[in-house]
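Number of protein chains: 2
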Amino acid sequence: MCELLAMSANVPTDIVFSFTGLAERGGRTGPHVDGWGITFYEGRGCRTFKDAKPSSDSEIAKLIKAYPIKSEVVVSHIRQANRGAVSLENTHPFVRELWGRYWTYAHNGQLSGYQEKLNSSRYQPVGDTDSEMAFCWILQQLTEKFGEGRPETMTPVFEYIASLAEQIRQLGVFNMLLTDGEYLMTFCSNNLCYITRRAPFGKAKLIDTDVVIDFNQETTPDDIVTVIATRPLTDNEQWHILQPGNWRLFRLGEVCAGS
Amino acid sequence: MCELLAMSANVPTDIVFSFTGLAERGGRTGPHVDGWGITFYEGRGCRTFKDAKPSSDSEIAKLIKAYPIKSEVVVSHIRQANRGAVSLENTHPFVRELWGRYWTYAHNGQLSGYQEKLNSSRYQPVGDTDSEMAFCWILQQLTEKFGEGRPETMTPVFEYIASLAEQIRQLGVFNMLLTDGEYLMTFCSNNLCYITRRAPFGKAKLIDTDVVIDFNQETTPDDIVTVIATRPLTDNEQWHILQPGNWRLFRLGEVCAGS
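Going line by line, the protein sequences match chains U and R. So in my numbering, spot 172 of the first sequence is number 172, and the numbers just go up one at a time. So in my numbering, spot 201 of the second sequence is number 201, and the numbers just go up one at a time.
Hints listed in this document are in silico derivations from the structure and should not be mistaken for laboratory results. Treat each hint with caution, since some may be false.
Copies of one chain are not kept apart here, so a pair can be met inside one copy or by any two copies together.
[Claimed, not checked] Dumping the calculated BS3-like pairs for lysine-lysine here, alpha-carbon to alpha-carbon at most 27 Å:
1) Lys203 <-> Lys70
2) Lys70 <-> Lys117
3) Lys65 <-> Lys145
4) Lys205 <-> Lys65
5) Lys53 <-> Lys117
6) Lys53 <-> Lys70
In this text, all values refer to a predicted model and were calculated from it rather than measured experimentally.
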């Protein structure tokens, strides 16, 4: 399968610590060698770094681990291919524009019998993964339900996305990350967890490599930072484990909706 | 203004040499310090590296200069801001999906009185540049004229884009690069030139920094590589200078249409 990583924060924050743990799973402590990607939002803009090579052995991943990009929202993915060849066009995250925002999406899982159900025309997949088809289908449903303008209140939009994700989950495993750069949504099919860090900050120790960080040194007392991952990245903190069908919506580092 | 750089090749080719010349103009030999970006196509997939910092002083630009990514089509841009603040969402190139392909676009110039004329709903700008508005408007016109499916022959599509570009040129300066990953189009408003390199290959010397390359050592006899730039990047080769209103369409390194 794959592994997911995301962050929502109330101040621009770097994700070097968590990405360092995740990248190890792309070939060293995990089997996810079929590419990786990470999208950073800085204001309304975003940039995605991608590679079809294993993250544990990628020049670009080295840059990401060495060069802290401060961001309010991050979505990352390391891939173990099931549907679709190992290639750049099949590498997550996928980014599309809707309502004048960039929406970024990553999926962990595998779907069956999805071709007919997830067909769409306005947003068309470029690669040949089940994941990208599901993303295009969700965006098309949003334009059909909410029209061409960004709704003033976004919570109903994400509640509707949760109902779409529930439909997709009937086709297989569908753990999802989705953001418009302001809101970050996670939908759990079987494996997703999160942790919200705030003052008083402590130390955290990565599971996958011998790195410890003292967040007290890296933060201010007002910082609130949520990290979402397929499996916990640290072994000395308490992660919230989501149950199948659960979803959470985060904004500025905190839960603002979900079930 | 800004500077543009692009490449079309019949084999995956790296653009390190040309980008090294361009990046100097982003703060060292030129005034374009308000961000830069570069998009590489590898098959149908593409990846964009962007920074709102000057290219002459960017960690990510250093990676691009040191790490040769082989690509058939490349589009790059260094920015000197006129419309829109210095920020990631205003940094070119812009990428959107149409007909199941990623389309990448960059603009050099400045438009006036464009807000009403270039309005669009299906593709909406995320940033606040005249450039991105023009890109969204072009894509919307394409869906209105050609529908939801990719036309079998693409030359009429690019002929139509040239007619749209001619309309946009009435609003100001509009030098444009546009690609769907297979075709690369350039439209000249005042400054654009290109060179097609093929066997027998020779040496080339950058204008902006003291770098010489012997393409004979880097290529095979069948390689055909076209490089497009705002101003010539080398001073010992003959570049084709486009005239106002000229456009060219390249595929696999060679001109396939234009006027």
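Hints versus structure:
In the homo-oligomer, the alpha carbons of Lys203 and Lys70 lie at most 27 Å apart inside one protomer (20 Å), although the nearest pairing across protomers, at 42 Å, exceeds that limit. Taking the shortest Cα distances, Lys70 and Lys117 never come within 27 Å of each other, neither inside one copy (39 Å) nor across copies (37 Å). Taking the shortest alpha-carbon separations for Lys65 and Lys145, neither the intra-copy value of 40 Å nor the inter-copy value of 46 Å comes in at or below 27 Å. Taking the closest pair of Cα atoms, Lys205 and Lys65 come within 27 Å of each other only inside a single copy of the chain (16 Å); across copies the shortest separation is 35 Å, beyond that limit.
For a Cα distance limit of 27 Å, the shortest separation of Lys53 from Lys117 qualifies neither inside one copy, at 31 Å, nor across copies, at 44 Å. In this homomeric assembly, Lys53 and Lys70 come within 27 Å of each other (Cα to Cα) both inside a single copy, at 24 Å, and across copies, at 14 Å.
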